[in-house]
Amino acid sequence: MGRSPGIGFTHLRTVSGNSARYGASHPEALAARAAERGMDAVALTDRDTVAGAVRFAK
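Using my numbering, read the sequence shown as starting at 564 and increasing by one per residue.
No wet-lab data here; the hints were simulated from the structure.
Hints may contain errors.
Okay, derived cross-link-like pairs now, DMTMM-like style, lysine to aspartate or glutamate, Cα gap no bigger than 20 angstroms in a straight line [to be verified]: (1) Lys-621 to Asp-609; (2) Lys-621 to Glu-599; (3) Lys-621 to Asp-603; (4) Lys-621 to Glu-591.
Kindly produce the complete structure, drawing on both the sequences and the hints.
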């Protein structure tokens, strides 16, 4: 089965290295990897901080 036009997949639980004990990747690396995989969106859901949000949004 191929992908249907207009229907994609979005990870809704992605943590970066800003989440102590939960993630290791830099926000930029997460966004770049998602783009490489053809994803239109990814949700950054760091725990107990919003420190990576600005870097991720850029």
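Hints and how they fare:
A distance of roughly 16 angstroms separates the Cα atoms of Lys-621 and Asp-609; the hinted pair therefore holds under the 20 angstroms criterion. For a cut-off of 20 angstroms, the pair hint linking Lys-621 to Glu-599 stands: about 16 angstroms separates their Cα positions. For the hint linking Lys-621 to Asp-603, the alpha-carbon distance of about 14 angstroms falls within 20 angstroms, and the restraint holds. For the given pair, Lys-621 sits about 8 angstroms from Glu-591 by alpha-carbon distance, which is consistent with the 20 angstroms threshold.
Checked against the numbered hints above, the structure violates none of them.
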